[in-house]
Amino acid sequence: MANFFPRWINFIPLQVAIGLGAVGAGAVAGITYYATPEAQRVGYQPQQPVHYDHNLHVNQLGMDCRYCHSFVEHSGHANVPTANTCWNCHEHIQKGSPKLAGLRDAMGVDVNHREIMDANGNPVEGKPIKWVRVHKAPDYVYFNHSAHLNRGISCQSCHGDVHKMEKVHHAESHSMGWCLDCHREPEKHVRPLEEVYNFDYDAEEYLQKNEVIGLDDKRITDPEEFGKFLVAHWGIQPKESCATCHR
Amino acid sequence: MINHPEAPKDGDIVNAWRSVGEKEGSKSFRNVLDREFPNGDTLTEKEQEISRRSFTKLMGASTALAGIGLAACRRPESYIVPYKKAPEWIIPGKPLFYATSRPTAAGAVPLVVTTFEGRPTKVEPNPDHPDSRGTDAITQASILDLYSPSRSQKILREGNESSLSALVEGLKAVDLSKTAIVFGSDDSPTRNRLAKELAAKGAQIISYEPLTGEGLGKGTHLVHDFSKADKVLSLDCDFLGTDPLGNSREFSKRRMGGASDYKKEIAKDEMNRLYQVETQFSITGGMADHRLRVAPSRVALVAGAIAKKLGVPVTMDEVGEQEKKSLFPGGDGSEFDAWVSECVADLEKSGPKALVVAGTRQNETVQKLALAINEKLGAVGSTVKIAKTDLAQYGSLADLKTAEFETLILLTPADPGYDADKFCEEIFNKAKTTIHWGLRTNLTAWYSTWHIPAAHYLESWSDARSEGGTLSLLQPMIVPLYGGVSELDLLHVLNGGKFGEGEFSPAMGEVKKTFAALTGKSDDAAWQDALRDGFAAGTEYASGSASAGAITVTVPSAPTSENLEVVFGTDASVWDGRYIDNAWLQESPDPVTKLTWDNAAQVSPQTAKDLGIYDRLIEVEPKESFFFSKPFKRANEAHTGVDGKVGEGENAKAPLITVTIGKREVTLPAVVAFGHADHAITLPLGYGQAADDDRASATKLDQSKPVVGDVGLNTGFNVYPLRSAMNPYMAYGAKVTLTGDYYKIALTQEHNSMYGRALAREISTDDVAGKGSFEDQIKKVKKQGIDSHVPPNLSFYDSKGGYWSKTELAKKTNLADEIHQWGMAIDLNTCTGCNACLVACQAENNIPVVGKDQVAMGREMHWIRMDRYFASMEYEYEGGHKKKKEGQKISTPDWVQQNPEMVPQPVGCVQCEMAPCETVCPVNATVHTEEGLNSMAYNRCIGTRYCANNCPYKARRFNFFDYNKRNPLVKGNLYKGPLGEKQVGTAPHLQRNPNVTVRMRGVMEKCTYCVQRLESAKIKQKQQQKQKTLEAGVASTQVKVDRTKDLRIPTGSVNTACQDACPTSAISFGNLLDNDSQIVRAKGNEMDSIKIIQGDQYVPVRGSGRNYDLLNYINTRPRTSYLARVKNPNPEMPDAKFLGQASINIH
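Residue numbers (my numbering), protein chains in the order written: chain S, 1 to 247; chain G, 10001 to 11147.
FYI, nobody ran anything at the bench for these hints, they're computed from the structure.
Where is the CB? At the ideal position from N, CA and C, for every residue including glycine.
Careful: at least some of the hints might be erroneous.
[What the hints assert, rightly or not] Each computed BS3-like pair below joins lysine-lysine, with the alpha-carbon atoms no more than 25 Å apart: (1) G:Lys-10806 <-> S:Lys-239; (2) S:Lys-136 <-> G:Lys-10094; (3) S:Lys-95 <-> G:Lys-10085; (4) G:Lys-11028 <-> S:Lys-209; (5) S:Lys-239 <-> G:Lys-11026; (6) S:Lys-188 <-> G:Lys-11028; (7) G:Lys-10309 <-> G:Lys-10349; (8) G:Lys-10353 <-> G:Lys-10309; (9) G:Lys-11018 <-> S:Lys-239; (10) S:Lys-188 <-> G:Lys-11022; (11) G:Lys-10084 <-> S:Lys-95; (12) G:Lys-11018 <-> S:Lys-188; (13) S:Lys-130 <-> G:Lys-10085; (14) S:Lys-239 <-> G:Lys-11045; (15) G:Lys-10811 <-> S:Lys-228; (16) G:Lys-10812 <-> S:Lys-228; (17) G:Lys-10812 <-> S:Lys-239; (18) G:Lys-11020 <-> S:Lys-239; (19) S:Lys-239 <-> G:Lys-11028.
[To be verified] Calculated from the model, a selection of chain S residues having no Cβ within reach of chain G, i.e. all distances over 10 Å: (20) Phe-5; (21) Ile-12; (22) Pro-13; (23) Val-23.
Work the whole structure out from these sequences, hints included.
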């Protein structure tokens, strides 16, 4: 009987195996890269209902973080400002700006800042602003802002250069490994309490301006040494056990 | 793997037991004992069937979804929605606390309520209130009632939805001169004032609750002071449990004999002594030093005999010889005389420092006897004060029989249509219009012309008087969730006022007016201060007077097994029936019977035998033998009931009996209750309000007029029909017949049994033969049971795991935190077993309810389980060994064996330093923290359940289903998988503590010492650094932070939820490294770990000698330890030498 199949058929199983292997390796490589928090979260920059510009308010106008995120030192949550906080200024500034439509809706006023009334002459309830969440810790993570800020960890360490962001994006991965990196080496991030909300802080510059005497009675000039000094001086021992964040 | 030592085969070693099965050593009990998950580790046939089907379904669905789903693989958008205008005081993420009170007929319970962003989530006692006494389980669970979806939500007229405006019209039409108003029995000054004003306009005012007795008459109130009482005689009064009286924390303080702060050992002269005369075991009876079990009518007899002996003029016949013998079976009649005369001698010795309390539901004779005895002893004015209240103005329900009225307004929290049905029909028919106000659409609501939904006490303005009379304020934490109306608002409207607009409540104005009148302060500052504190000081009751007068005691003839006496019991879960829709209470096991989700008749083992109930549960061998007669075979053989229908654990069933009194009868299951009086039967009230199955003695559910929600449906049996309004507490001449049928019950008494000896330890202030004096016994507490035979545990603490560690300490031990090491001590001397901690834990830690069927399978989720042991001496002992006469062991008399002691023991995770669970977890989901907690990372758990299998304390709970997401109370719902009815987003989810993860299916969980509270206390302490810098006024770099001084939380500044709730302060918790703390004084700091951590700084503290570790011999080094219970018997009493020995002779 003649050969029913041509000869090249013999290589098909091999080709299929190599092909599948390549696809599999590709999938594994893809998932390892793209499914990590690093790839999934960093750069996330959703559209917000009101275009709030951190660069303008913080960098150019010099507002402190805590004017709006007012309870960040006291509570686990860094609160997003209530509409009336914005209204404190914007009742008078940028009146009628189309960018502030969402805020006016929340306050229940029209473009001329007159209260909106319904047909019966009763004031209409405003609609609160629905900000899109950028940084989201999973439900089982109990991160506490006050615990970090009051011990010399700046907003900047986790949120990046927010003061320069015209539109907020996710700057760091916020993965558990990333948290642990800092819990294991806090000296790389800790800074004087006065500088926690200062986004332009530079350790070297700080040490030039301020005389900090180390534990060995010598002036500290090296930022790395400064971090180690603060950790020892303030008794910082970040925990790595599960119950620290998971309850 | 831990091999517990085998119990000696001769079987008479274990004289502490939890159930009939354990006492008799049944085979099914052994099966339950040996397996962590009895029948839970393999699926039932039904479960397998359903699981396979739903698995295939799921696989199909997920394959399909995978294709579609991947394309939409995008981060879901979530939102942050801040307030428009920031409400004052609210900081997102931080709790806000308000002082308020929960009104009850026994006096207001002062509370501090935790709220998160306007949601009340937890109640705690208000420690500043003069009558602060902790909380009970019902108070803890009251927060769930607030969110209950089965709460009344609509105004109803003739059963149809109506509106507020229609109601206002309806109320306008009420002619007050032809109106009767029925209130509850609690004392609210503002209500009293408004009621008086309404009465002046011609309204008839009544107060009614079914299980609140009238004592010495309305208007006369007794204030009991346990702090002064050296001797307490309780005449059928469960003052620590269902009949609250006096301050339980004061009682427990005296119970601690001057050692309540553990600065010394218990001094036996300073310790109080409790004599209890009662029918069914109550938790107060469990605390008693001497307990006499008598049929309910015999309480008056004993009280009369005591009064007579004391020289109080009482007209009564001598107690007959037969009677005496029946109270002490197996005795010769002299025991009764000895009991009475020695009790009297002891009371006389204390004189004004003695106290006699009578159960509020006992009849007038007993109330008067108690008063007369107190007067004779000089206790009136000392340990008991007679106070006058404004409640005298209210009539009683019986007055309505003769009264003329057209409108009947029902404001009582009771449900007269259900709990006094026959009587009420008559009254309801008299009224043209009936207006009912209540939290639930109960039977009364559907009977009435109008039903008005009530506001919960956490939604209302009101006031209430605590036990001593202190004016306690109630303030709303939340706007009424379901549009409820508060009682005072309603009275305000009836009195000619108007309902408030929006959030404004006129009730506040009324409360403020009363406040000004009572305190004489009308300024706003005083009002604000009182609101902040929750009370106004100096507003105690005015003193009143009462006299016992001539007392004649007549009692019916003694009961027999054909002629039983019935006690209608207050149920620890549903009270008089009003909490039937509270799932936490329904699922918390009854403190004594350990029954959940149902009620059952309780009979003593002897009566159970007489009635033929006992051998349905277990076959007693030899068949003719008496239960307690010896020799008694108790080998590990099969013992099932005579017809083999009753198993244990999941297969637990109870025989159904019919109780007949005259023409009335009810059918309900019966359970054997150790320590119950013979020839009497206890029937707990409040159940069987609606059923859709074919059970007898429950109202059929009418779907169009539901009286209960998912929770209360098909729970228990209604025994109110046996009860008459004239004799509400007891009934005579009952007959019992077995129906031959069985009813499935969910009993937790054998769940999570630990097999070890001397688990709950006990000693006596009296000398014990062979064990020495009280002081000697204290020294030997640690050596009771198996611990007397094992060599000392060796320390395994070495450099394990510390190689890479940064600090020197961490190189030595993995318990490397040098400022906090947590520990707990539970004092069995004051623990009553009341379940307050269990429910508080449920509220704090988001613990789900699983429903009756799951409880029966042993799957209840309570992190604290309340073990309850009965113990009695079966043989006489001498020198620690059984006394022998002619080679035979000498049995104790029957009256000793049939009247066991009851010792409760709450067990949660004990946080072993060398935890067996941790080593077996394949994914490191349960690991140790540096501070000595055995922590759970729920999101890591994959549900192998190895840890639970390896836990010798059986303290771990597994989520077999998604109890949080799927409603377990809908029949069969859990088995429907993703197709089941969800309960996410329903109101009870608003109660959740935001600081604790809500666990899902397949996750193990357990106690972690309220780690969320520990963490927030530590974080709060860390904020001090900033404060210190600001105060110093220098750069933060110049401020040194000392870990021990600055970062350790202040002594006693963090409490666990169970500790806060405890009404007897039995739980100590704190930092073992802080020698000023109570926990170190209680349990000492002589643990190897503490020695290593403190190094040169170590200062040894011995702690109380009563402290011992549970299952010490397996070397798990638990952080939770127990302190042995102390019995304080009167050495002259006939039963003295048998007491305080629950564990002392166990080898």
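Each hint tested on the structure:
For the hint linking Lys-10806 of chain G to Lys-239 of chain S, the alpha-carbon distance of about 12 Å falls within 25 Å, and the restraint holds. For the proposed pair Lys-136 of chain S and Lys-10094 of chain G, the alpha carbon gap of about 19 Å is at most 25 Å, so the pair holds. Of the supplied pair hints, the one linking Lys-95 of chain S and Lys-10085 of chain G holds, its CA atoms being roughly 19 Å apart against a limit of 25 Å. Between Lys-11028 of chain G and Lys-209 of chain S the CA atoms are separated by roughly 23 Å; this keeps the pair inside 25 Å, and the hint holds.
The suggested pairing of Lys-239 of chain S with Lys-11026 of chain G holds, with an alpha-carbon distance near 20 Å, which does not exceed 25 Å. The suggested pairing of Lys-188 of chain S with Lys-11028 of chain G holds, with an alpha-carbon distance near 24 Å, which does not exceed 25 Å. This hinted pair checks out: Lys-10309 of chain G and Lys-10349 of chain G have alpha carbons roughly 14 Å apart, not beyond 25 Å. Note on Lys-10353 of chain G and Lys-10309 of chain G: the hinted pairing holds, with a Cα-Cα distance of about 18 Å set against a maximum of 25 Å.
Between Lys-11018 of chain G and Lys-239 of chain S, the direct Cα distance comes to roughly 12 Å. Compliance with the 25 Å bound is thereby established for this hinted pair. For the given pair, Lys-188 of chain S sits about 20 Å from Lys-11022 of chain G by alpha-carbon distance, which is consistent with the 25 Å threshold. A threshold of 25 Å between alpha carbons decides the hint, and for Lys-10084 of chain G with Lys-95 of chain S the separation of about 18 Å falls inside it, so the pair holds. A C-alpha spacing of about 23 Å is found between Lys-11018 of chain G and Lys-188 of chain S, which places the hinted pair at or below 25 Å, so the restraint holds.
A C-alpha spacing of about 14 Å is found between Lys-130 of chain S and Lys-10085 of chain G, which places the hinted pair at or below 25 Å, so the restraint holds. A hinted pair counts as satisfied when its Cα atoms are at most 25 Å apart, and Lys-239 of chain S with Lys-11045 of chain G qualifies at roughly 19 Å. Annotation: proposed proximity of Lys-10811 of chain G to Lys-228 of chain S holds, straight-line Cα distance about 20 Å (limit 25 Å). Between Lys-10812 of chain G and Lys-228 of chain S, the direct Cα distance comes to roughly 23 Å. Compliance with the 25 Å bound is thereby established for this hinted pair.
Taking the CA atoms of Lys-10812 of chain G and Lys-239 of chain S, the gap is about 17 Å. The hint holds against a cut of 25 Å. Annotation: proposed proximity of Lys-11020 of chain G to Lys-239 of chain S holds, straight-line Cα distance about 16 Å (limit 25 Å). Straight-line distance between C-alpha atoms of Lys-239 of chain S and Lys-11028 of chain G comes to about 23 Å, which keeps the hinted pair within the 25 Å bound. No beta-carbon of chain G is positioned within 10 Å of the beta-carbon of Phe-5 of chain S; the least distance is around 34 Å.
Distance check on Ile-12 of chain S: its Cβ is at least 27 Å (rounded) from any Cβ of chain G, clearing the 10 Å threshold; non-interface status holds. The beta carbon of Pro-13 of chain S is kept farther than 10 Å from every beta carbon of chain G, the shortest such distance being approximately 26 Å. Even its closest Cβ contact with chain G, about 15 Å, leaves Val-23 of chain S beyond 10 Å, as expected for a residue assigned away from the interface.
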